[in-house]
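> Residues per chain, in single letters:
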Amino acid sequence: MKILVCLKRVVDYNVRIRVKPDASGVVTDGVKMSINPFDEIALEEALRIREAGDAQEVIALSIGDADCQQQLRTGLAMGADRAILVGTDTAIEPLTAARAILEIIKREEPGLVILGKQAIDDDCNQTGQMLAALWDRPQATFASKLQLAGDKATITREVDAGLEQIEVDLPAVITTDLRLNEPRYVKLPDIMKAKKKPLESLSLGELGVTETLGLQIEDYASPPERAKGIMVGDVTELLSTLRDKDLIG
Amino acid sequence: MSKVLILAEHDGSALNASTAKCVSCAADMGSDSIDIAVLAAQTDGIAAEAAALTGVTQVLSVERPENAAPLAAVIAPQLVALAADYDYVLAPSTTFGKDVLPRAAALAGVPQVSDIMEVAGPRRFKRPIYAGNAIITVSVPEGSKIFATVRIASSRAAPAANEAAPITAADINASLPAHTRFVGLQAGGGDRPDLQTARRVVSGGRALGSSDNFDLIYGLADKLAAGVGASRAAVDAGYVPNDMQVGQTGKIIAPDLYLAFGISGAIQHLTGIKDAGTIVAVNKDPDAPIFEVADIGLVGDLFEVIPEIERALGG
Ligand SMILES: Cc1cc2nc3c(=O)[nH]c(=O)nc-3n(C[C@H](O)[C@H](O)[C@H](O)COP(=O)(O)OP(=O)(O)OC[C@H]3O[C@@H](n4cnc5c(N)ncnc54)[C@H](O)[C@@H]3O)c2cc1C
Ligand SMILES: Nc1ncnc2c1ncn2[C@@H]1O[C@H](COP(=O)(O)O)[C@@H](O)[C@H]1O
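Residue numbers (our numbering), protein chains in the order written: chain A, 116 to 364; chain B, 13 to 327.
Calculated directly from the structure, the hints in this document are not laboratory data.
One thing to keep in mind: the hints can contain errors.
[As the list claims (entries may be wrong)] Restraint-style ranges between C-beta atoms, simulated for each label pair:
hint: 1; chain 1: B; residue 1: S223; chain 2: A; residue 2: K221; range: 33 to 41 Å
hint: 2; chain 1: A; residue 1: Q171; chain 2: B; residue 2: S45; range: 48 to 56 Å
hint: 3; chain 1: B; residue 1: D97; chain 2: A; residue 2: E297; range: 24 to 32 Å
hint: 4; chain 1: B; residue 1: P178; chain 2: A; residue 2: D169; range: 36 to 44 Å
hint: 5; chain 1: B; residue 1: P319; chain 2: A; residue 2: P304; range: 49 to 57 Å
hint: 6; chain 1: A; residue 1: A264; chain 2: B; residue 2: P178; range: 19 to 27 Å
hint: 7; chain 1: A; residue 1: P304; chain 2: B; residue 2: D234; range: 21 to 29 Å
hint: 8; chain 1: B; residue 1: D227; chain 2: A; residue 2: I345; range: 25 to 33 Å
hint: 9; chain 1: A; residue 1: V146; chain 2: B; residue 2: S151; range: 24 to 32 Å
hint: 10; chain 1: A; residue 1: K221; chain 2: B; residue 2: S151; range: 47 to 55 Å
hint: 11; chain 1: A; residue 1: A342; chain 2: B; residue 2: A93; range: 32 to 40 Å
hint: 12; chain 1: B; residue 1: L325; chain 2: A; residue 2: D169; range: 48 to 56 Å
[Claimed, not checked] Lysine-lysine pairs mimicking DSS-like chemistry, simulated, CA-CA at most 25 Å apart:
hint: 13; chain 1: A; residue 1: K117; chain 2: A; residue 2: K310
hint: 14; chain 1: A; residue 1: K360; chain 2: B; residue 2: K286
hint: 15; chain 1: B; residue 1: K235; chain 2: A; residue 2: K360
hint: 16; chain 1: B; residue 1: K15; chain 2: B; residue 2: K138
hint: 17; chain 1: B; residue 1: K138; chain 2: A; residue 2: K135
Positions of the beta carbon are idealized from the N, C-alpha and C atoms, including for glycine.
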């Protein structure tokens, strides 16, 4: 079995996001970029499945501009066997990403496709579900545990009500939640080795996918700031402030 | 004429409070009619609750044994079949809505607007990106059906109506897949107020140090009739179950009062409480970032402060 893993290049989660003064986007110049944290978890899970002998090959896929090669190289250093970059210079939305991933699926025929539950830039939380719909296959979103048994998988999902378990037939789409695993660190020799691993590039157009956007982003704004708060000296003062605001009895 | 269809969320017997929030979001869109789709194994009680919300035109009830569990692969094709005559299809931005709606949108071949926090016009919406550190206004071109999830912490709940809307049994001709099967649900929670709708929430972070120590948080919450939340660090450390996590990847909440004990205030956590009325932070580090957003801050050791609050509250 092959496993396809999606790696999106995003602004690192530690970066403090600033909106550009002209409202046209957020500042990304000179900002640290990383693999979307949920996608790192997706890759780690795929590697563990391969290491357990349940998969033979792990393929990392990214859609975006040429800079995404950096994140793919990191993915290869973590242990992916090869990488595919689907090139596009314009920002794409989840439905387009799902269409592109589907084209790669048709070529590679993976048994599992693992994505992050959400990209921490657009926070859409859509691509995996859309892909599963277009592919007409099962989806198991927000996975915190994945167990394979032959041509089936049992997944524990983190839902608002608690932990849900579902069983799916393979091939299937999985999206990761934070508690699925703890991704490994990349070691220096692996970075060297990763340089020799295959990285194939093709364009969205070559896959027959168009970039047209269904939604238009009109502007970007900073969130409203909360009014400056106060510091209290002790519990008595805390409780009397809360009583004054009628927040406790 | 614009028609809205809302996918009801429920637990098999009762309507989830998030549905009423979608109704008020639909009303903000200036729509001419608001219908609610209830897909369940037994719809009666749920449909009656939905029909009793102000602003609802009609409830469509789809009763099938396959709808006993909330499986996206099963619900999405039915929703798309129902959606044929509607301009907008809404679902709450809960784990249920997030799972089902993108699958339905893709089946319908259209993009989705996630997490509407404000309706800026008939086809214009504000939504948060980058964990709420930027807000974008997105518009959907005329002629395309709109699939969207509603950020429930940003919406009011539609109140109960004087007169109930009609309930219609809908017949759907959709073939449902058997490739996805429900195994079980291990409910967290208990009988404390629901985190997502509680008016007061008490939260604890890594500083609690153990699940036994978390009893301090539960004790205070019970005194205040509050729901209980936690930071991701507290969940990861195994002090509390995952459904208590507040933040970018947990629950987004908007209680009137939020009390954070031993939580540093990482942006991913703050995203979850931006809409809270009053934020109180207790932390022993005066430089903790949580104090930058707190309305009321107290520098102190939670292991001393919580018992002191309890004594002062008495009874
Ligand atoms: C992609 C991604 C998504 C994430 N999503 C979320 C999310 O949804 N929700 C979330 O919460 N986090 C999330 N995180 C994690 C987040 O970045 C922080 O790591 C986490 O919120 C820290 O939890 P904490 O504040 O409990 O722990 P810490 O950061 O360790 O803070 C503990 C605090 O307790 C204080 N303290 C210690 N002892 C005491 C005492 N005795 N009395 C009082 N104060 C004390 C300390 O001064 C410190 O400020 C996410 C991270 C990533 C990468
Ligand atoms: N451009 C992209 N390249 C690679 N993976 C992507 C891309 N866009 C989305 N994904 C995958 O889809 C997941 C969910 O993204 P989103 O729906 O945008 O929140 C991400 O965590 C990635 O795994």
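> For a quick check of understanding: which of the numbered hints are violated here, in increasing order?
Numbers 1, 3, 4, 6, 7, 10 and 11 - these are the hints that the structure violates, sorted from lowest upward.
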